[in-house]
Every structure is written in structure tokens, then in C-alpha cells.
Amino acid sequence: MSEEPNRLDDFAHRTRTVVTTAVTSVAVIALFAALTVVPPRSGAHDAPTVADASVSEQASAQQTLRYCPAAMTIADTESYGDEEFHTSTGDLASARRYAAFGSVFHAQADALGAGDATDGLVLEGADGKDDADVFIAGQDKNDDATMLDTRLLSATDGTGSAGAVASWATTGDITGIAAASCVTPALTQRFLVPSTTTGNTQQLVVANPADKPTSVDIAIWGVKGGRITPATSSILTVGADGEDDMLLNAAAPDEQGLYVEVTSHDAPVGAVVRSSAMDGLTPHGNDYVTPLPQAATTQTIMLPDADASTTLSAYADKDATVTLSWMSDHGLVDLGRLDVRGGKVALKELKDRPKDAHAILAQSDAPCSITAQSAVEGADGRRDYAVIDAHTAYAQSALALPAGIDATLAIANMGEGRATVTFTGYDAHGEETGTRQVKVDADSSTTLDADDLGKDVAAIRVDDADPAIVWGAFVTNAKLRDAKTAALAYVPATSLAVPRQLVHAFNDPGIVR
Numbered sequence: 001m002s003e004e005p006n007r008l009d010d011f012a013h014r015t016r017t018v019v020t021t022a023v024t025s026v027a028v029i030a031l032f033a034a035l036t037v038v039p040p041r042s043g044a045h046d047a048p049t050v051a052d053a054s055v056s057e058q059a060s061a062q063q064t065l066r067y068c069p070a071a072m073t074i075a076d077t078e079s080y081g082d083e084e085f086h087t088s089t090g091d092l093a094s095a096r097r098y099a100a101f102g103s104v105f106h107a108q109a110d111a112l113g114a115g116d117a118t119d120g121l122v123l124e125g126a127d128g129k130d131d132a133d134v135f136i137a138g139q140d141k142n143d144d145a146t147m148l149d150t151r152l153l154s155a156t157d158g159t160g161s162a163g164a165v166a167s168w169a170t171t172g173d174i175t176g177i178a179a180a181s182c183v184t185p186a187l188t189q190r191f192l193v194p195s196t197t198t199g200n201t202q203q204l205v206v207a208n209p210a211d212k213p214t215s216v217d218i219a220i221w222g223v224k225g226g227r228i229t230p231a232t233s234s235i236l237t238v239g240a241d242g243e244d245d246m247l248l249n250a251a252a253p254d255e256q257g258l259y260v261e262v263t264s265h266d267a268p269v270g271a272v273v274r275s276s277a278m279d280g281l282t283p284h285g286n287d288y289v290t291p292l293p294q295a296a297t298t299q300t301i302m303l304p305d306a307d308a309s310t311t312l313s314a315y316a317d318k319d320a321t322v323t324l325s326w327m328s329d330h331g332l333v334d335l336g337r338l339d340v341r342g343g344k345v346a347l348k349e350l351k352d353r354p355k356d357a358h359a360i361l362a363q364s365d366a367p368c369s370i371t372a373q374s375a376v377e378g379a380d381g382r383r384d385y386a387v388i389d390a391h392t393a394y395a396q397s398a399l400a401l402p403a404g405i406d407a408t409l410a411i412a413n414m415g416e417g418r419a420t421v422t423f424t425g426y427d428a429h430g431e432e433t434g435t436r437q438v439k440v441d442a443d444s445s446t447t448l449d450a451d452d453l454g455k456d457v458a459a460i461r462v463d464d465a466d467p468a469i470v471w472g473a474f475v476t477n478a479k480l481r482d483a484k485t486a487a488l489a490y491v492p493a494t495s496l497a498v499p500r501q502l503v504h505a506f507n508d509p510g511i512v513r
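Using the numbering used here, you'd call the opening residue of the sequence shown number 1 and step up by one each time.
Hints listed in this document are in silico derivations from the structure and should not be mistaken for laboratory results.
Among the hints, erroneous ones may be present.
Said to hold, decoys possible - Below 27 Å or equal to it, Euclidean Cα-Cα: the simulated DSS-like pairs (lysine-lysine) are:
no.	residue 1	residue 2
1	Lys439	Lys455
2	Lys224	Lys351
3	Lys355	Lys141
4	Lys355	Lys318
5	Lys224	Lys344
6	Lys318	Lys348
7	Lys224	Lys348
8	Lys439	Lys141
9	Lys484	Lys355
10	Lys351	Lys484
11	Lys318	Lys224
12	Lys455	Lys479
13	Lys355	Lys439
14	Lys141	Lys479
15	Lys484	Lys455
Using the sequences and the accompanying hints, generate a full structural model.
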């Protein structure tokens, strides 16, 4: 940072004190810059102006880290009684994909605990071109958790990384498909978790990518009566470069839904919930539950095709009234409202969905978090479900698609005017496969088949969207279709905006004695 010319002469005799108006945020960045960043959001987050500041400069993270969970599995793998009653993952298969965009110096994926390994999976640009700004790599199996480490050249708009994991099976006890985007580690993660009644398993998995252990507090709120005292320990100790887990259905059984807050004391953590359901011996679906975005008053929940049934769950710190509207392809259709009592999970089953509605607009009088659980029916009574968090809009965003996955994009326009969105597809080498412009009316939604962007699309980017656009991908694959297996999963778009912090510097002669 530089001083004004008339202050150069006495610069050596005075002490400069650097402060920010967000001391806590800067402290976290200073301590953990090598590990994580604040979860990305669109635009810069400027601190308020300091009246006596002589110099102001924007600072940004030069590294991002994302936790990509291991393949879906059965939480309780113990075998009891007759062999026909033993749990099984069947023909489970999995894959993952990583993508980095924009002003990137280096991006690499390593197994959790690999530290500064030099033999990790390096993301590479289109045929090694010097001017490449899309870097992609993939793995056919994701048995173990990994960390995606991206080093940035600058914090320009459209810079960032995205990753996605998917697991699928046509036989066994976790049939269907589960998918998730990779998670940014943070000191606090929050979740809206499906039912913990009989037959439902909710396994919280916490990963610590730091080189020191951390203590993690688990706080839980339910549908019945607010905050719950866990029947098991409410503390996890997660070792350095390791994982630990907790069965939420054991900690808080017989609840129709949970709000869970995970708070780490010593290091940012990545966390997901592996959710699965059984009705007797019949699989009723599985999915990853990922951390909630920041609570908001206006947000959008994307929906799969009209054959799916959907239940909303919501949580707010204080009482909130949520006005809901279907977002059809020609505008809003009234859906009623959801009353949320502070500190208590609220549920609403959705009915009479218009066939052309691909999203829901939720507007509330107080910030709240909302999640949808959408389910589809299959043969022999089997079901599958996806857990879909509500999101606000991003101006630049992207997502990655694991190998062998087919995707249908759901797109919603939260704005007051018609929006034009340009989607660009890339293959596994970072080469552009095609583009498609999509026009979406105000307060409306539509869909786009990923195949319309070309063959074997591995990643999709939007870098010129109206800032009122929300989108994501509902995914499946040919193996599941051929077996007529119920399958439903969702991968949300990830913001391509590096968090920025406005730093103020000023002279304070008072500290010189």
C-alpha cells in the first residue's frame, strides 16, 4: 500500500497500524489461508468505510480448498441373523470430476490426509494451451474422500473451482443415485436433514483437512419441540487430516426433520450427511446432504420433473412467514405459505404442482433456510430421493459432471425482467463442446438438456448471466435407466467469485511515545 506524497518524508518516523472493520474475518484468513476460504458468494463484500483511513485496498484469498466426500455407503455394515437380511451395497459404482476456471495457477486433487503430496491428480487445461482458463480432471472411483486445492493468480470474476461426486447402484440396499458438489471447509456448517424415524439413517461425516486436531460441537433442533439434547455425545474430536462421524438418527431419533449446526473450535472442517432410507427390506432412496447456504429472505428451490413428490423443510432463528410460489415457464403461480417458528423445523408437503414448474420462489419476512426432499417411485416399491437446498443467484457460476452421468439443467430467473443465459460445455480435456443461449421470462423457470451443449460434457459454465439466475443439474445415467431403477440426485451450480476483503490503513501517531 502507498501513502500520499506529502506524507512520504515522515513515513520512517511513524508507525502504520493496519486494521479492518471485520477483525474476526481477517484473523480467520490469516490463520487458515493455507486451508480454506469463506464460502464463495457473488460480488465483493466490502467493509464499511473507516473515516480516518488514508489508504484502502482490496485483499482476496489466493487459495481455495474443497472437500469432496467419499462414495455413498451403508452406515451400519454389521451383519446380523440370516444372510438374506444382511445389508449390501450391491453393484455400487462411483465417479467424481473436478474443474477450475479463470485465473488459476495450479489445481490438484489429493486424498484426504495426503498433505502437500506431489503425486495428486492435477487438473489440466485444453491440450496444455498456455491461455487455457478451464482445467479439468476426473476419477472413475471415489471410494475415499479427497481435497481439491486450487491456487489462484488473481481474484478476477469468473475464477474459482467446482467439484462433484456421484454414486449409483441397481442392486443392494442403496439403489438409485446420490450426488453432491464438493464442500468448502468452514468453522460452522449447518444442515437441514431428513427424517430420523425407523428405517432412516442420517450419518454426519466431518473431515478435518488441517494438520492439527479439532473439537467439533453438534447442536440439533427438531420438528417436535425446538433444540434437542442428543442421546449420544454432542462432541466429535476429529484428528488432523482425518474424518469422524455421528449417527444423527441415534442422537435425535423419531424426528420428521432436523436442523443441525456443526461448529469447529480449532480448524475449518468439511462436512456432509449421508442419508438413506429403507422400508423393511425395500430401498427407499439415498443422497448426500450438503451444508446450507447462508439464510436469506428471497431464494429459489429447483425441482425435478413433475412425476416427483416434494416436501419442504425450513428453519429460522426467529419466527418467519414464507410466501411460496411455483415458478412456471410463464411466471408465478401461488403455492401458499409456510409458517416457521423460531428454533423449530417446519415441514410442508407440496401438492397440485403445475407441469411446467421447475422451481419454487420462497420469500420470507425474516432470513431462513429451506430444503426440498423430492422423491420418485420405481419398480418393486423402490424409491429414490434428492435433497435440494434453496439458493440465491450467482452472476458467474459452474458445475462439474462425473464421468458417465447424464444431466438435465433446471434454470430459474428470480428477476423482474426477461433474462438471457449462455451455457458453455467443456469435455474432459477442457475443450469447449458447445454453447446454448436460454431465454427465461421474469419469475419463471425452464430446463436444458446437457447433451445440447455437445457430447461427453464434463463441466458447464455460465459467465455472463443476469445476477438473478439460479441453476443446477438433475443427474442420472444409462445403467440406471436400463435397469428401470428409481434414480434422482441434484448438483447445484457453484459460484465463481473469490471472496474479497476491503482493508483500510491509517497513521496513528498516538501509539508513538
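Outcome of the hint check:
For a cut-off of 27 Å, the pair hint linking Lys439 to Lys455 stands: about 22 Å separates their Cα positions. For the suggested pair Lys224 and Lys351, the alpha carbons sit about 23 Å apart, so the restraint of at most 27 Å is met. Distance restraint check for Lys355 and Lys141: the Cα-Cα separation of roughly 36 Å exceeds the 27 Å cut-off, and the hinted pair is therefore not satisfied. Pair hint Lys355 plus Lys318 does not hold up; C-alpha atoms about 34 Å apart against a cutoff of 27 Å.
Between the alpha carbons of Lys224 and Lys344 the distance comes to roughly 8 Å, so the proposed pair stays at or under 27 Å and holds. Distance check on the hinted pair: Lys318 and Lys348 sit about 18 Å apart at the alpha-carbon level, within 27 Å; holds. A hinted pair counts as satisfied when its Cα atoms are at most 27 Å apart, and Lys224 with Lys348 qualifies at roughly 14 Å. With a C-alpha separation of about 37 Å, the suggested pair Lys439 and Lys141 falls outside the 27 Å cut-off, and the hint is violated.
Distance check on the hinted pair: Lys484 and Lys355 sit about 23 Å apart at the alpha-carbon level, within 27 Å; holds. About 26 Å separates the Cα atoms of Lys351 and Lys484, which keeps this hinted pair within 27 Å; it holds. Straight-line distance between C-alpha atoms of Lys318 and Lys224 comes to about 16 Å, which keeps the hinted pair within the 27 Å bound. At roughly 18 Å between alpha-carbon atoms, Lys455 and Lys479 fall within 27 Å of each other, so this suggested pair holds.
A hinted pair counts as satisfied when its Cα atoms are at most 27 Å apart, and Lys355 with Lys439 qualifies at roughly 19 Å. About 16 Å separates the Cα atoms of Lys141 and Lys479, which keeps this hinted pair within 27 Å; it holds. Taking the CA atoms of Lys484 and Lys455, the gap is about 24 Å. The hint holds against a cut of 27 Å.
Checked against the numbered hints given earlier, the structure breaks hints 3, 4 and 8 and satisfies all the rest.
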